[in-house]
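Dock chain H against chain E, hints included.
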Amino acid sequence: MIGSIFAVLDRTGRSVIHVLEELGGMLFLFVSIARWAVSPPFKIRQIMKQMEFVGVKSLFVVILTGLFTGMVSALQGYHGFKMFSAESLVGSTVALAMTRELGPVLTSLMVTARAGSAMAAELGTMKVTEQIDALYVMASNPVKHLIVPRVIAGVIMLPALTIVSDFVGIFGSYFVGVGLLDINKGMFIRNMTKFVDLGDIYNGLVKAAVFGLILSFIGCYKGFKTTGGAEGVGKATTEAVVISAITILICDYFLTALMF
Amino acid sequence: MRSISTEAKVGLFVLVALAVLAYMSFRVGEYGFGHKKGYLVTAAFDNVAGLEKDASVRIAGVEVGRIEEISLKNGRAQVTLRIHPDVELEKDVQASIKTHGILGDKYIEIAPGTEEVGYMRPGGEITRVEQQADLDRLLRELGSITSDIMAVTATLKDVVGGEEGQTNLKAIVSNTKELSENLNRVVTQNNEKINLLVTNLNRASGSMQKTFASLHEITDKINKGQGTIGQLVENREIFDNLNKTLASLNKITEKVSQGEGTIGKLVAKDDLFETLNRTAVSLQNITEKIDAGEGTIGKLVNDEETVESLNAGLKSIDRSMSGIERYISRADSFRTFFSYRGEYLMSESNAKSYVNVRIQPREDVFYVLGAVADPRGRRTVTERIADGQTVKFEEYDKGELLIDAQIGKRFRDIAMRGGFFESTGGVGVDYFALNDTLKITFEAFDFDKDRNAHLKFYADYRLFRHVSLTAGWDDFISSEGNESPFVGLSISFEDKDLKYLLSSIPISR
Numbered sequence: 000m001i002g003s004i005f006a007v008l009d010r011t012g013r014s015v016i017h018v019l020e021e022l023g024g025m026l027f028l029f030v031s032i033a034r035w036a037v038s039p040p041f042k043i044r045q046i047m048k049q050m051e052f053v054g055v056k057s058l059f060v061v062i063l064t065g066l067f068t069g070m071v072s073a074l075q076g077y078h079g080f081k082m083f084s085a086e087s088l089v090g091s092t093v094a095l096a097m098t099r100e101l102g103p104v105l106t107s108l109m110v111t112a113r114a115g116s117a118m119a120a121e122l123g124t125m126k127v128t129e130q131i132d133a134l135y136v137m138a139s140n141p142v143k144h145l146i147v148p149r150v151i152a153g154v155i156m157l158p159a160l161t162i163v164s165d166f167v168g169i170f171g172s173y174f175v176g177v178g179l180l181d182i183n184k185g186m187f188i189r190n191m192t193k194f195v196d197l198g199d200i201y202n203g204l205v206k207a208a209v210f211g212l213i214l215s216f217i218g219c220y221k222g223f224k225t226t227g228g229a230e231g232v233g234k235a236t237t238e239a240v241v242i243s244a245i246t247i248l249i250c251d252y253f254l255t256a257l258m259f
Numbered sequence: 000m001r002s003i004s005t006e007a008k009v010g011l012f013v014l015v016a017l018a019v020l021a022y023m024s025f026r027v028g029e030y031g032f033g034h035k036k037g038y039l040v041t042a043a044f045d046n047v048a049g050l051e052k053d054a055s056v057r058i059a060g061v062e063v064g065r066i067e068e069i070s071l072k073n074g075r076a077q078v079t080l081r082i083h084p085d086v087e088l089e090k091d092v093q094a095s096i097k098t099h100g101i102l103g104d105k106y107i108e109i110a111p112g113t114e115e116v117g118y119m120r121p122g123g124e125i126t127r128v129e130q131q132a133d134l135d136r137l138l139r140e141l142g143s144i145t146s147d148i149m150a151v152t153a154t155l156k157d158v159v160g161g162e163e164g165q166t167n168l169k170a171i172v173s174n175t176k177e178l179s180e181n182l183n184r185v186v187t188q189n190n191e192k193i194n195l196l197v198t199n200l201n202r203a204s205g206s207m208q209k210t211f212a213s214l215h216e217i218t219d220k221i222n223k224g225q226g227t228i229g230q231l232v233e234n235r236e237i238f239d240n241l242n243k244t245l246a247s248l249n250k251i252t253e254k255v256s257q258g259e260g261t262i263g264k265l266v267a268k269d270d271l272f273e274t275l276n277r278t279a280v281s282l283q284n285i286t287e288k289i290d291a292g293e294g295t296i297g298k299l300v301n302d303e304e305t306v307e308s309l310n311a312g313l314k315s316i317d318r319s320m321s322g323i324e325r326y327i328s329r330a331d332s333f334r335t336f337f338s339y340r341g342e343y344l345m346s347e348s349n350a351k352s353y354v355n356v357r358i359q360p361r362e363d364v365f366y367v368l369g370a371v372a373d374p375r376g377r378r379t380v381t382e383r384i385a386d387g388q389t390v391k392f393e394e395y396d397k398g399e400l401l402i403d404a405q406i407g408k409r410f411r412d413i414a415m416r417g418g419f420f421e422s423t424g425g426v427g428v429d430y431f432a433l434n435d436t437l438k439i440t441f442e443a444f445d446f447d448k449d450r451n452a453h454l455k456f457y458a459d460y461r462l463f464r465h466v467s468l469t470a471g472w473d474d475f476i477s478s479e480g481n482e483s484p485f486v487g488l489s490i491s492f493e494d495k496d497l498k499y500l501l502s503s504i505p506i507s508r
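Protein chains in written order, with numbering that gives the first Met the number 0: chain E, 0 to 259; chain H, 0 to 508.
Each hint should be verified, as a subset may be incorrect.
[What the hints assert, rightly or not] In silico DMTMM-like pairs for lysine to aspartate or glutamate, Cα to Cα no more than 20 Å straight-line:
#	chain 1	residue 1	chain 2	residue 2
1	E	Lys-143	E	Glu-121
2	E	Lys-81	E	Asp-181
3	H	Lys-90	H	Glu-62
4	E	Lys-193	H	Glu-51
5	E	Lys-48	H	Glu-6
6	H	Lys-250	H	Asp-239
7	H	Lys-90	H	Glu-129
8	E	Lys-193	H	Asp-53
9	E	Lys-193	H	Asp-104
10	E	Lys-193	H	Glu-108
11	H	Lys-36	H	Glu-62
12	E	Lys-42	H	Glu-6
13	E	Lys-56	H	Glu-6
14	H	Lys-8	E	Glu-51
15	H	Lys-36	H	Asp-363
16	H	Lys-97	H	Glu-115
17	H	Lys-36	E	Asp-196
18	E	Lys-184	H	Glu-62
19	E	Lys-193	H	Glu-68
20	H	Lys-97	H	Glu-108
21	E	Lys-42	H	Glu-482
22	E	Lys-193	H	Glu-62
23	H	Lys-105	E	Asp-196
24	E	Lys-234	E	Glu-21
25	E	Lys-193	H	Glu-67
26	H	Lys-391	H	Asp-447
27	H	Lys-52	E	Asp-196
28	E	Lys-42	H	Glu-479
[Said to hold, decoys possible] Derived coverage of chain E by chain H (criterion: at least 3 residues anywhere in the stretch with Cβ under 8 Å from a Cβ of chain H; other residues may be distant):
#	segment
29	51-59
30	161-170
[To be verified] Computed Cβ-Cβ distance ranges for the label pairs, DEER-style:
#	chain 1	residue 1	chain 2	residue 2	range
31	E	Met-258	H	Gln-77	28 to 38 Å
32	H	Gln-77	E	Lys-81	38 to 48 Å
33	H	Phe-456	E	Gln-75	39 to 49 Å
34	H	Ser-346	E	Phe-5	56 to 66 Å
Rather than coming from a laboratory, the hints here were simulated on the basis of the structure.
Glycine included, C-beta positions come from ideal geometry on N, C-alpha and C.
The shape of chain E in the complex, shown without the other chains (with noise of 0.2 Å):
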């Protein structure tokens, strides 16, 4: 009897404490990152290289996204607009949308499942074949080398994509409104830039920023802490991409509650 109460106790303060040091672990990793981000030398190359993996090879997958989100939305939206014979409002709807919410989010999630994916992945192996301890032995930091390069990468290039993503969609639904839907252009395009502010684009930038960190960020954290070899590797990749999905809409709430 005591002993299954104790049992239970035992279990309970076993998961807290794990939870503690998880959160602790981010927390410490976290500041580490802020620290070596901002103390010289910085590693251009690297950094360049990340560029280029998170932003440039993950354009034609935001291009898609984008476009067919914006071209649907318009479909969508047509067909509701066309009740109240307001169809020009198709373009600023759409337009709202992409730039408020569908092009950092998606965005963001395209970039999960490519980039993020593959930082947890090729952290983790680097971790399970004892290359980072390697790193320590050379009195090299690993965050410095490995962490801050990535998730500079994803602060920067997510608002660059979402500026992508945000046109291309605003294209697609103009491509459907008016050349299929054959709604009026100039009400298209007038609506558009009457119901549309710098402030949308700019918070909509500013969202995308905070997801490139996020992504990255859990990305390069469940890397660091496979263990278990190539099984450890493969469930690090998946909770790195279901924790980072969450935390990003999560997170989309409370940003839009704050900014809008």
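Okay, now just chain H, sitting in the frame of chain E:
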């Protein structure tokens, strides 16, 4: 073919993304972003419910501006309008709040005024304001109208209703009947006389018509010769004469009106009517003469020269007024800023200070003059030939100040600068974002074939009105290991006194 380097790919991508962002900013922020175009006028309304900031301002349905601000002033809504610079508003324009369709947005419609009263200056107020027709007030007014009508009908009921009223009505009807019978009798008895009266009247009206035609021509001429009115007012003599004439005319008409009985005479006597006819004919003669330009009044009406000289005088006054106005508006837009800027260079562990004066004669043009204290000092290179070899000596004089002297022009949210940067030639670009709170700057100077140019990239964020934070990267492609990230602070304030001092120096037109 050599493959494109990683850096080039990243660079290209970032540039494309920034170009797209700039394009979207321009499209979205057509009005009211960064460097705002147009001038401000205000209008006070009793009620602006439903009117939003940034709603459009229209003339004849064409958008000519946006609403800049809505605030409360003395219990009324003060609406500030930003009007497009190409559009001039007359001083007596009328502003009213209108709605697009039934459910549409509210906007402000401006009804054009008259050109003669002149145009509104920036900061002016539209005084003629039509209040919003709100439903409550409409219903209240309708209520008071119906109560008035009810009072009238009640009185009518008192008068007509009842036995007394009915007998009165009967009496009225029988009286009217009697009157019309009498009238009938009179007409049948005097049939011939009435006929004669009508023919005479007919003749008289013919000559009258001619008189009026000539008079019409005269007034037309007076109308065209606007300037002459001025002379009429100036010339006391003419005015006095006119006054006297009018007075005697007055007397004549009084006499005519006193002789009421003449109508009876007119019926009996034929010759009086002839006289009237003759008078009309001679009046016709006089007006024809005036028309032909004979006599004093004729000259006054017809002389083109007087009119022209008067016109020329007015025009020159107008020109000098507009000159004064231009001068005043130039003084208004003239602004001077002083700023101090300190940058802590992390690699050098030392600070670099800038003191600048920024003179801005127009909103989009500015001049920067300043001095820079660089911990690295001022570099001087001397070449000496020793043993047939050129040897270069570089000296750093730490006490020397470097000079900034630049001219710049701003295009919406981008400003281009050129001139001396830290005592060497160079160029710079500023990008303004978030309503000018954020400024991103890139500068390139000190071009030398032996080493890399000095490039500097930084961002300023305005924290308070006068204080900005700055961070960036100085000389980041330096071939001499001078590159250094920096953080710092800049303090800037506007000098109002220097503005008037400088603008009082004569400037050529």
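query = Taken at face value, is the distance from the CA of Glu-68(H) to the CA of Lys-193(E) at most 20 Å?
reply = 17 Å, holds
Need the status of pair Lys-36(H), Asp-363(H): alpha-carbon distance at most 20 Å? Holds - the C-alpha atoms of Asp-363(H) and Lys-36(H) are around 11 Å apart, at most 20 Å.
Proposed proximity, Glu-115(H) with Lys-97(H) (alpha carbon, max 20 Å) | 27 Å, violated
| Has the given pair, Lys-90(H) with Glu-62(H), been kept, meaning a C-alpha gap of at most 20 Å? | Within the cut-off at roughly 19 Å; holds.
Exercise for review: Confirm or reject the coverage of the segment 51-59 of chain E by chain H under the rule of 3 or more residues with a beta carbon closer than 8 Å to the chain's beta carbons.
Suggested key: With 4 residues closer than 8 Å to chain H, the segment 51-59 of chain E meets the three-residue bar; holds.
Pair hint Lys-42(E) and Glu-6(H), alpha-carbon separation not exceeding 20 Å | 13 Å, holds
With a cut-off of 20 Å on the C-alpha distance, tell me whether Lys-193(E) and Glu-67(H) pass. 15 Å, holds
* Asked: Between Lys-193(E) and Glu-62(H), is the straight-line Cα distance small enough, at 20 Å or below?
  -> Holds - the C-alpha atoms of Glu-62(H) and Lys-193(E) are around 12 Å apart, at most 20 Å.
Does the alpha-carbon distance linking Lys-193(E) and Glu-51(H) stay inside the 20 Å limit?
-> 13 Å, holds
Given hint Glu-51(E) paired with Lys-8(H) - CA-CA distance at most 20 Å
7 Å, holds
Holds or violated: are the alpha carbons of Lys-234(E) and Glu-21(E) at most 20 Å from each other? Status holds; Cα separation ~16 Å.
Query - Status of the given 39 to 49 Å range, CB of Gln-75(E) versus CB of Phe-456(H) - result: 43 Å, holds
Of the numbered hints given earlier, the model fails hint 16 alone.
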